[in-house]
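Asker: Line by line, the protein sequences are chains L and B.
With this note's numbering applied, the first sequence has no gaps in its numbers, which climb one by one up to 383 at the end.
With this note's numbering applied, the second sequence has no gaps in its numbers, which climb one by one up to 383 at the end.
Derived from the structure by calculation, the hints contain no laboratory data.
Please note that the accuracy of each hint is not assured.
Identical copies look the same in the list; a pair holds intra-copy or inter-copy alike.
Stated by the list, open to error - Using 30 angstroms as the maximum straight-line C-alpha spacing, the simulated BS3-like pairs for lysine-lysine come out as follows:
1) Lys89 - Lys246
2) Lys352 - Lys239
3) Lys247 - Lys6
4) Lys89 - Lys358
5) Lys138 - Lys358
6) Lys239 - Lys114
Each chain, written out:
Protein chains: 2
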Amino acid sequence: MSKEIISFIKEIYRGWRDVNLHAPIFVGNEIAYLTKCIETTMVSSVGQFVDQFERDLASFTGASGSVAVVNGTAALHTALILTGVKPGDEVLTQSLTFVATANAISYTGAKPVFIDVSEDRLSLCSVKLEAFLNKCKIDSEGNCRNPQTGNIIRACVPMHTFGHAADMDAIVRICHSKNIKVIEDAAESLGTRYNGVHTGLIGDIGVLSFNGNKIITSGGGGALISTDGDILKKAKHLTTTAKKAHAWKYEHDVIGYNYRMPNINAALACAQLECINDFLKDKRTIAEQYRAYFATIPDIKFFDEPLGSKSNFWLNSIIFSSERDQQRFLEESNASGVITRPIWVPMHKLDMYSKCERTEMAVTDALSSRIVNIPSGVRS
Amino acid sequence: MSKEIISFIKEIYRGWRDVNLHAPIFVGNEIAYLTKCIETTMVSSVGQFVDQFERDLASFTGASGSVAVVNGTAALHTALILTGVKPGDEVLTQSLTFVATANAISYTGAKPVFIDVSEDRLSLCSVKLEAFLNKCKIDSEGNCRNPQTGNIIRACVPMHTFGHAADMDAIVRICHSKNIKVIEDAAESLGTRYNGVHTGLIGDIGVLSFNGNKIITSGGGGALISTDGDILKKAKHLTTTAKKAHAWKYEHDVIGYNYRMPNINAALACAQLECINDFLKDKRTIAEQYRAYFATIPDIKFFDEPLGSKSNFWLNSIIFSSERDQQRFLEESNASGVITRPIWVPMHKLDMYSKCERTEMAVTDALSSRIVNIPSGVRS
Chain L
4 MSKEIISFIK
14 EIYRGWRDVN
24 LHAPIFVGNE
34 IAYLTKCIET
44 TMVSSVGQFV
54 DQFERDLASF
64 TGASGSVAVV
74 NGTAALHTAL
84 ILTGVKPGDE
94 VLTQSLTFVA
104 TANAISYTGA
114 KPVFIDVSED
124 RLSLCSVKLE
134 AFLNKCKIDS
144 EGNCRNPQTG
154 NIIRACVPMH
164 TFGHAADMDA
174 IVRICHSKNI
184 KVIEDAAESL
194 GTRYNGVHTG
204 LIGDIGVLSF
214 NGNKIITSGG
224 GGALISTDGD
234 ILKKAKHLTT
244 TAKKAHAWKY
254 EHDVIGYNYR
264 MPNINAALAC
274 AQLECINDFL
284 KDKRTIAEQY
294 RAYFATIPDI
304 KFFDEPLGSK
314 SNFWLNSIIF
324 SSERDQQRFL
334 EESNASGVIT
344 RPIWVPMHKL
354 DMYSKCERTE
364 MAVTDALSSR
374 IVNIPSGVRS
Chain B
4 MSKEIISFIK
14 EIYRGWRDVN
24 LHAPIFVGNE
34 IAYLTKCIET
44 TMVSSVGQFV
54 DQFERDLASF
64 TGASGSVAVV
74 NGTAALHTAL
84 ILTGVKPGDE
94 VLTQSLTFVA
104 TANAISYTGA
114 KPVFIDVSED
124 RLSLCSVKLE
134 AFLNKCKIDS
144 EGNCRNPQTG
154 NIIRACVPMH
164 TFGHAADMDA
174 IVRICHSKNI
184 KVIEDAAESL
194 GTRYNGVHTG
204 LIGDIGVLSF
214 NGNKIITSGG
224 GGALISTDGD
234 ILKKAKHLTT
244 TAKKAHAWKY
254 EHDVIGYNYR
264 MPNINAALAC
274 AQLECINDFL
284 KDKRTIAEQY
294 RAYFATIPDI
304 KFFDEPLGSK
314 SNFWLNSIIF
324 SSERDQQRFL
334 EESNASGVIT
344 RPIWVPMHKL
354 DMYSKCERTE
364 MAVTDALSSR
374 IVNIPSGVRS
C-alpha cells in the first residue's frame, strides 16, 4: 500500500528531483527586488520593501494594516504582550501545535494551559474550551480566574492547523464572554478564509509566518495583522526597540524588542506575495488530486477543509488507522525520497510542558500517532 | 566652527550625495550569493551560507566556532541564558550603551545593575566595577551576592563602545574572582582586537551584530563566538527551537528560541565578510584623517583608540566641551545633510531602567551630553 501511495505522490510531482514536503518556489520578482536592495544599499531596518509588504499584506488579507517582523514566533510573542499577558498569567492554547505557540507564551512569563483539538478541524476544540472555562469565574476587576490556581487567564491562542480554520465564531464568543483576548496563530493559514474573513482577523489580533516551509517565504519572517489600527501602532513601536521618533536622539520609552523584518527579507516577501493567488490555486488543485485519490484507498482518510474554512491546504494530511501503518509509511516514503512527516509531538508530551494544566487529550493523543503530512508544495 | 567641520566631513566623503553616519557598501559577491539562494531555493532555516558564514566568522575572529542568529539582541539574550542568568538574578553592564544590552538582560527576568564607563575607553569602568564588587560576598554555594538585595550577580556585560575595546583583562580578572561570567557585547567591534585577541573571545562568550549600520551587514543578523565549543553547541541548540535531531520527528527538549539566521541573510553576510579587511583598512584611514584634522581644532577632542585596542573605528566620535556646542553641531550638521548623532540616552535615564541600582555616573553623565558620532562608513 505504501508503495502505491508513494508512486502517486511522485506522479503529482513528476519531473521533480526531490519531492520535499513544502519547498518554496521563486518564479516572480525575487531576484529583481533583492538586487534593488543591494543597489540602493537598503537591506536593513528601514526601506521601501518593508513598507510595501506591510501595505500589500494588509490589502491581501483585508486587515487595516500589518507589522512585519523577524518570524512567526516573534509575532506571537508581541501579540501576547499587546493583549496584556504578564508573568504569572495563564494562556489557553492547543497541545497539538508547533512548539513556537507554547514557547511564545513562556517568554512572557505566563503558563500555557493545553486544550484538546477537535477531530473535524485539528484545531482548538471549542466544546472542551467552553467546558474548561465554565469552571472559571470573573473576579471583581473583570479578570477570568482559573479556580485551580487562582491565576488570571488572559488570552487564548487557537492555531489554524495545516491551514484549516479553527472554530473561530465559537472560540471568540466563549473567550470574550470571559474577558479573554483571542490571538489567532495563523502561521500556517495565510490565504485561508473563515466565512469569508481572512484568518487572523476574527479574533483580537492575528499572527502570520513566512518561514521557508510556508506558502510564501521571506527567508525568515512573520507579521501581525489586525483590524485594530491602535494595536498595530503599538506593535510597530514594541517591535522596533520602542524608540521614540526623533531625527537623531536615541531614546526608548519601554522595554522593546529588535523584532523588525529587515528590508532584504521584505523584498523577498513582496515578490512572493505577488504570486500568492497562483500558489493558492495550485495548492487547491493538489488537494483535489489527493482527495480524489485517497477516496479510493481503504483505511486512510484524507483530511479535508472543515465547515466554513476556505483552506490554503498548506500541508495536506492523511490519517492512518493505526500507529503501525503510520510509522511504516513514514519509513518507506522518506527512504524513497518522498519527504513526509508526522504531526508534532504534542506539547503536553514534551518534558518542559508535561506538568502544565490541560484538558483530557483524547483527540490529540489519537491523532498525533496516526497523521502524516504529505508533500504539498506549489509546483510552478 | 560647525560649518568648517561640516565642510571637512563633506570633503572626506567627496562625491557622496548623502553623507550618512554609516551606510553599508556592497562591492563583492552580494548579488551573486543572493541569486544562488533563489536558484537553489535555500533561503530559510538551513543552507550552505549559514554553515559557510559560521566557519568564515570563526576563522576571521579566531574563535573555535560561531553561531549565526537573527540579530545582536538575540545573540545577547542567548549568551545570558547560556551563562545561567535566571529570573531574579542581577547582571552588571554599563549605562552608556545601546538599549539592546539592558533589554536582553530584562528578557531573562534578571535586573541590570549599571556601572559607569571610563573616560579613556567609553566602556565599563573596571575601577568602579571592582569597587562595587568589593562590597559583594561569595555565598556557600559559590554565588556572588549583592548585599543590598541578596540577589545573585550572575554575569557582567561590558560593551566595546564604538568599536574600542573595553578594559578586558581587568574586567575578566575581577569578575572571575567573584564567580561572575563575562559576556562581551562586541556588537560594534567586529574586527577590533584587544592585545591581539579578537573582542568577544576574552571573556566567556562574545556577541556580534550585523545590522545595517555595522561594519558588515546581513540585513539583520548577529552571532555568538567563543573558544569554548561546548557553549557554542548549546547555543546552536537553543537558537534552533531546541529540536532534537531526527529525520522527521518534531520533538524539543527545552524551551528554545527561533533565533537562527536565515540562509538568505547569511549569503549577504558571507559576501560582506569577504571584504572586511578592505573595510577595516579604509575605516582606519578615515580615522587618521579625522585625528589629524581635529588635532587642529580647539575645544573638540577626537576620541582615539585606547591602550591595547586595535579598534575597528566603527563610529568615529568627537567630544565637545559643552552640551551647547554639541547641540549646535548636531543641528547644523544634520540640517546640511551630514548625518551625525549624539551618544544614546544612558540607560539610567530611561524610564524603564531609572530605578535600577547603579554606581555614580559622573563620566556617563558628562560624556553623554558632549559626544557626537560623525560619518564613518567605508567609502569604496
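Asker: State for each hint whether it applies.
Answerer: Here's how the hints hold up against the structure:
1. With identical chains, the CA atoms of Lys89 and Lys246 are at most 30 angstroms apart both within one copy (22 angstroms) and between copies (26 angstroms).
2. Only between protomers do Lys352 and Lys239 lie at most 30 angstroms apart by alpha-carbon distance; the minimum there is 23 angstroms, versus 35 angstroms within a single protomer.
3. In this homomeric assembly, Lys247 and Lys6 come within 30 angstroms of each other (Cα to Cα) only across copies, at 29 angstroms, whereas the closest approach inside a single copy is 60 angstroms.
4. In the homo-oligomer, the alpha carbons of Lys89 and Lys358 lie at most 30 angstroms apart both inside one protomer (20 angstroms) and across protomers (20 angstroms), since each shortest distance falls under that limit.
5. With identical chains, the CA atoms of Lys138 and Lys358 are at most 30 angstroms apart within one copy only, with a shortest distance of 20 angstroms there and 40 angstroms across copies.
6. Taking the shortest Cα distances, Lys239 and Lys114 sit within 30 angstroms of each other both inside one copy (25 angstroms) and across copies (25 angstroms).
Violation of the numbered hints given earlier is absent; every hint is satisfied by the structure.
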